[in-house]
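Those protein sequence lines, which keep their order, are chains A and B.
Just so we're aligned, residue 1 is where the first sequence starts under the numbering used here, counting upward by one.
Just so we're aligned, residue 1 is where the second sequence starts under the numbering used here, counting upward by one.
It is possible that some hints are incorrect.
Said to hold, decoys possible - According to the in silico footprint, chain A covers these stretches of chain B (three or more CB under 8 Å from chain A):
| hint | region |
| --- | --- |
| 1 | 152-158 |
| 2 | 161-173 |
What the hints assert, rightly or not - Chain A is nowhere near these chain B residues, computed Cβ spacing over 12 Å in every case:
| hint | residue |
| --- | --- |
| 3 | F2 |
| 4 | R15 |
| 5 | I28 |
| 6 | S32 |
| 7 | G39 |
| 8 | N43 |
| 9 | L74 |
| 10 | D75 |
| 11 | E79 |
| 12 | Q80 |
| 13 | P106 |
| 14 | Q117 |
| 15 | P121 |
| 16 | L149 |
| 17 | V201 |
Treat the hints as calculated values from the structure; they're not laboratory data.
Idealized CB from N, CA, C, for every residue including glycine.
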Amino acid sequence: MAINWYKYASPASFYSLAGKMIPFFAVVAFGLLVVGLYIGFFVAPTDFQQGEAYRIIFIHVPAAWMSMFLYVVMAFWAGIGLAFNTRLSSMMATAIAPTGALFTFLALWTGSLWGKPMWGTWWVWDARLTSELILLFLYIGFMSLQAAIDDSRRADKAGAIIALVGVINIPIIYFSVQWWNTLHQGASVSVTQAPTMASTMLTGMMVMVFASWMYSIAVILKRVRVIILERESHTAWVAELRQKGVL
Amino acid sequence: MFLWIVQRDLLLAVRRRSDVLTTLFFFIIVVSLFPLSVGPEMNMLRMMAPGIVWVAALLASMLSLGRLFANDYLDGTLEQMLLSPQSLSVLVLGKALAHWLATGVPLVMMAPVLGIQYDLPTDALFVLTLSLLLGTPVLSLIGAIGAALTLGLRGGGVLVSLLVLPLYIPVLIFGAGAVEAIMAGIDYDAHLSLLGAFLLVSVVFAPWAAAASLRVSME
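Extracted from the complex, chain B is given alone in its bound form (with noise of 0.2 Å):
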């Protein structure tokens, strides 16, 4: 069941393909305007890389979250997935696992590149990468339930970030932090260890809490 739904939700990913590059461009569009509208002076903006490739990538996820659960919402789909026997954790896990990998892992992939493009050392990329492949799946966890209780609400776009941003908050402080640290020649592993802390919490409680919200959304 959770690798039927994953591969569900990537093939159906790639056949829209579009709306995973959208989120891809996005994000890449983001962190191009910073040194439009700050100047592009180099070492302010290696400075300031890690807090704007993050905050980017925490938009570009909540973007795409609408697409979590709504397309399925209005197929009727989801419907059927919620009278199935299955667990509906599960199910919520593996849909958040596809979602991470279909916007996710694009994101993290493209990351040193922008890094490069912000001057940043070797070693920065190398942990900016890292630090985002163990903070964006915290995302797609936690915007589970911000989408699963939003769902089919007028306005639900806007709203889903005013309910999950402020739940992003520590993941882009200890993800952003952990750049920082090896810029300033700080060890980083303690902020590494944080995010993943956050990452098997949020495996553990998001599917959870997503599985209820999803139900008072469908009553």
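So that you can see chain A by itself, here it is in the shape it has in the complex (with noise of 0.2 Å):
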């Protein structure tokens, strides 16, 4: 039951593939969202100290860590795309970044609004939040250089450089960023010091972290079949499709 790894790495069986895929991964996405936020907005007990401005962690959390784990995803892709030449892997990373790059914006917008009713201030330079403010210069960078670059061969390659560079760094960015923060004991709150949660919180908020890795899949590959059916529009396989209406 070995599986032909060559055959979905090209593009064209990956594309129909991925086709078959999305709309498994859609609806477990948004069965489980449906679920979690249920969970997260009616079943949840209220905080006895954050009151109910805490439920922002539903979306809060999944989203702070999906913008991490996706970037390393993303370097990984576009790692084995330079290291293997597969053009798929670099397809891949192209269309992991905006999703990462979504996520890291909605972990900072959800974390200030969470912010001001918890802290009073919008902002504070904490080692967590300042961090995930660098992965989304990060993130931007990455797909800024990739947006730059006319010729797609060369966009995949120094994009997966600049990848790798960047999570070799992440980890000394973000010792140096906690380093800085303990240093300065400017703010006086720390997010690592949590109070333990209830066990219906923890569910909802596992619940939401699977609802959005199965969003991110389906999302990144209906982006990878868009990116496929671009750079492969000259090929006769894409024309056959074409011809046969599906296009």
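Given two chains presented individually in distinct reference frames, assemble the corresponding complex, making use of the accompanying hints.
Have a look at this one:
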């Protein structure tokens, strides 16, 4: 039962496979989202310290996790594309970047919405907030580099190098920011000492995390399909699809 | 080969003196703009000085990155260098060193003078210079990756800032941090050790990554 990886590394066969997989992931994502939001808003108890405002974690925490995780996945595919010269891997990396940037932005935005009632300010120069902001810069750098290069092969490789340099730097940046923060002792609030959560809260959050996963997979596959079509528009199989009237 | 490339790039820098001086004066002007914008309150300026000097050094070093490969790219020299049997990483290291000698070292030498303008105490001036001496080569090395990736692209100058400034952040934190530490009376050795570690890591990895980037860009 070995999967023929080489077959699905070809954009043409991956295109149809992705087309079959998208509805599945989209439906699961939607189902989990409904369940997760229901638990988050109606089942989970009100926090005795934070009141109702804590409910933003059901979106904030999954977004923050996805933002970091997707960068690593993006760098992984970019690296594979660079090492083995597989076009599909590089296309995956390109497709992941906007979703990752979106989650990073969501995490920052919901974080500041949460910060206003909790800390009384939209923004603190906390270590986590700062490194999340820098992560957003890294995503934007990757995307704008690829956007500036017209030749797609060069764009793939250049993007891969900057993604890999970024992924090596993430731990360095993260610890730098953390030490910088402890050195300054500026903000007296800390996100790290979260109170232990009620189990329904945790359940709701985990459901939302899986919903974000499924959403990301569906959207990334969709985007990779578009990228495949764009790049392979000169090939015979795309012309065939066009003739059949699928496109 | 290594010494040859350093010598050649330095000679070119001396011949085009205005380029080097522009970077230096950019540094001086940026640093001088801050008192004009936030007011001449000496206590506040003294507190802000390490950060201001470091941010200005970051920007100045970044601005000069365009020249690292661009001229050689335009006249075809870079292509010949890629074709040569010598290791491309060594060549990139040589170019980064020359870039640092031409733009980084003048900044380092200028920094104490600017520090005096901000009324920094003598020991802080010393640490500021030392931290810049350790930090600016890292900027040149990391910048080489960005310069190589954006070679010949439209809007490359702005793009390079998006790519390299986030990567400069650790250097900025510990460079400015060392000066702040001594002003607060804390030990600053750890900061300088970390800057030294960054320097060693980037000497090993950055030329290699920049060489790979050059190959991608010149394909």
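Okay, the hints, checked on the actual structure:
1. 152-158: holds (count 4)
2. 161-173: holds (count 8)
3. F2: 23 Å, holds
4. R15: The claim holds: R15(B) sits with its nearest Cβ about 31 Å from chain A, beyond 12 Å.
5. I28: Nearest chain A Cβ is 27 Å from I28(B), so the label holds.
6. S32: 26 Å, holds
7. G39: 22 Å, holds
8. N43: 18 Å, holds
9. L74: Label holds. Min Cβ-Cβ 18 Å, cutoff 12 Å.
10. D75: Non-interface label stands for D75(B): nearest chain A Cβ at 21 Å, farther than 12 Å.
11. E79: Since the minimum Cβ distance to chain A is about 16 Å, E79(B) lies beyond 12 Å and the statement holds.
12. Q80: Nearest chain A Cβ is 20 Å from Q80(B), so the label holds.
13. P106: Fine: 27 Å to the nearest Cβ keeps P106(B) off the interface.
14. Q117: Holds, because the least Cβ-Cβ distance between Q117(B) and chain A comes to about 24 Å, which exceeds 12 Å.
15. P121: 20 Å, holds
16. L149: 5 Å, violated
17. V201: Non-interface label fails for V201(B): nearest chain A Cβ at 8 Å, not farther than 12 Å.
In the structure shown, a violation is registered for the earlier hints numbered 16 and 17, in ascending order.
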